[in-house]
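Heads up: the protein sequence lines correspond to chains A and B, in order. Take the position in the first sequence, starting the count at 1, then add 5; the result is the number in this note's numbering. Take the position in the second sequence, starting the count at 1, then add 5; the result is the number in this note's numbering.
Please keep in mind that the hints were generated in silico from the structure rather than gathered at the bench. A couple of the hints might just be wrong.
Identical copies go unnamed one by one, so any copy, or any two together, can satisfy a pair.
In silico lysine to aspartate or glutamate, EDC-like type, Cα no more than 20 Å apart, as pairs [unchecked claim]:
no.	residue 1	residue 2
1	Lys346	Asp385
2	Lys346	Glu271
3	Lys358	Glu100
4	Lys60	Asp343
5	Lys346	Asp9
6	Lys358	Asp263
7	Lys60	Glu324
8	Lys36	Asp325
Computed from a prediction, not measured in an experiment: that's the story for all the values here.
2 protein chains.
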Amino acid sequence: MQIDRSPLARPFPAMPAIAGVTLRVARARYKDWDRADLTFAELAEGTSVAGVFTKSACASSEVELGRQNVAQGAARALIVNAGNSNAFTGYRGREAVEAIMNQVSGALGCPREQVFVSSTGVIGVPLPKDKARAGIAAALEAAPCGWEDAANAIGTTDTFAKGAGASAMIGDTRVELAGIIKGSGMIAPDMATMLGYIFTDANVAPAFLQEALERANAATFSCITVDGDTSTSDTVMVFATGKAGNARIESWDSPGADAFAAALAEVCRNLAHLVVRDGEGAQKFITIRVSGAASDQSARTIGLAIANSPLVKTAIAGEDANWGRVVMAVGKAGEPADRDKLSIAFGGIWTAKNGLPVDGYDEAPVAAHLKGEAIDIAVDLGLGDGRASVWTCDLTHGYIAINADYRS
Amino acid sequence: MQIDRSPLARPFPAMPAIAGVTLRVARARYKDWDRADLTFAELAEGTSVAGVFTKSACASSEVELGRQNVAQGAARALIVNAGNSNAFTGYRGREAVEAIMNQVSGALGCPREQVFVSSTGVIGVPLPKDKARAGIAAALEAAPCGWEDAANAIGTTDTFAKGAGASAMIGDTRVELAGIIKGSGMIAPDMATMLGYIFTDANVAPAFLQEALERANAATFSCITVDGDTSTSDTVMVFATGKAGNARIESWDSPGADAFAAALAEVCRNLAHLVVRDGEGAQKFITIRVSGAASDQSARTIGLAIANSPLVKTAIAGEDANWGRVVMAVGKAGEPADRDKLSIAFGGIWTAKNGLPVDGYDEAPVAAHLKGEAIDIAVDLGLGDGRASVWTCDLTHGYIAINADYRS
């Protein structure tokens, strides 16, 4: 099946090279296709690493080993296989990952714990070791490539290449961040919900890098959903080569720590939004702002209940300001809510306030807003100070078409 | 939009009249339609009542008052309004319900706490009191009708009338049960998930009736889902008129208690299945059997995670034995699971065992099974003795068509 480019797609941004990062791609041919599907990022010695991973109880060996090795804080290489997730493949899947780690650590002369592997694609087929071996050998001899080539090579059902960059000043030193991401379906927020990689030349201690990533993740990747389905392979990692030469960021007290964390959060948010924009079948980009909740966490849970509701998502696809379905989703979220304090707005216009429809509100601007591509839903619980923003897309015939005819 | 009759529809069963129950319907014209939309069940003095209600934090006044009054255990009337759920209508909605209770209790000469009201339909529009008043007046003068007329009158987007009956022997006395139900979308299990009413001539104490209903509900209505969306109005009630003249069932030790509870559970299960069969856009009836879980509750949670996964539901729509998506759903359920002990079967054929694809399993009977109308998915966790069955339908273009063009 030919899947059209998402109508919400964004052009790939210009992003600078990151000193200490060399990208290469190769054709391992994990599927019967003629495209680069193996990505190899070589990282300078001294690169710090941080990562967040799926909470799935059925995570892949790649995730298990990545979670284990990221704790040591150092990385020399990242390999991403596209077309086969190697998930639910038991000991054979684990052997395939370990073979890749051994091959790469041998080639680079580094501990194998500094080689990180991700795989994405169909579940239940062990990654073919011979294809991986030949692909890595080819990548090691390939000419370096740019961000867009790498972003394309990590994609599977993605309809456009996704990247985001930012910069920050640390003292007098300008540092750069560049990130790429893939994801379109099986997207639901639980730590990290797709494959995303951010590279920076900043000099950052691993513990701080991990803390900054977790903080950014909580407000970005963990606040998006396409279909409520959490993947077995989700991974977001940050690699900091230190080549910018700034004074090392060790903690929030280090000069530039806030600026770096803000730039990292900006990249994470932009990447997360791009995944929603490539949501399977998406035609609308929906922002749900929840305020007045009992806590920030409660606001996020309510926002996700709205974002994951098929009735809300189909109403938006139908350009219908059906706030009754938003009420339903708030009610089922299992969080503190008082029907008679609840208010709901579309595009900034309150259609229901304090548990009652707003009599005679002006439907025309609401209808016009719903015809647009970017939809805003605001929900105020009227209970406390908790707030969160959540992003999702609508549920359309395109989602059914893509997912009822995927594997065959 | 014309919605076709579900391909999974069942003919309405023959069900006997229940002594002590008089059914009438009327045209309140809550919507611009020419059909009966107000159902009035008059119940003999001495009728016991039990009920389970939505856990939604935004429940309607009908639910709030019903939950409160069912605790007193006695009922004389049930009124069901179709076309307007009266949910999220604040004090005006409450006034409308109280006006109905007053009118009916006046006509029957009973306490108003013995009048139960349900409403189903669009959210956010106060139930028009004048239409309700005229509809009830008309119903009070109407000729009694049968089960199928009542089942049609309580429906909204339902594509077929749904009923189920059973009988049980209590000592030497045969008692009859007859139930009707409506529901098609906004169906997700959380206590009770649609409007369902079961009538019996058995003589049953309210406390036992409540206990038997809660037990039946846990394994039936609470184990179905269409779209994971929990309604603001869900209600299941049982009315026992006592006219069969059996020795009153007071507890599980009373003669016939088990037989009665079994018959009640059978009616509940059949009604729950009929709701799934009328799931919006449904083309397949899916049974998910989970075994080997840490507990029965854990098994149910895992079953519902599978049943609510849009990726699993679209795979079944596409007649694809995509067990990788089942693995994904197990992994995201948040319950104990060990990837390497997990086994999955379609139509009784194991496609994955102990965390590995079954090499060379016979795909032909699996493919044939998936082309059928009734799909069986079995998941064994390999951890403990917990088990549960959950029922759902597939996710098709029909669901999108129905829900992206509903209110307008």
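Hint check against the structure, violated hint numbers in rising order: 2, 5, 6, 7
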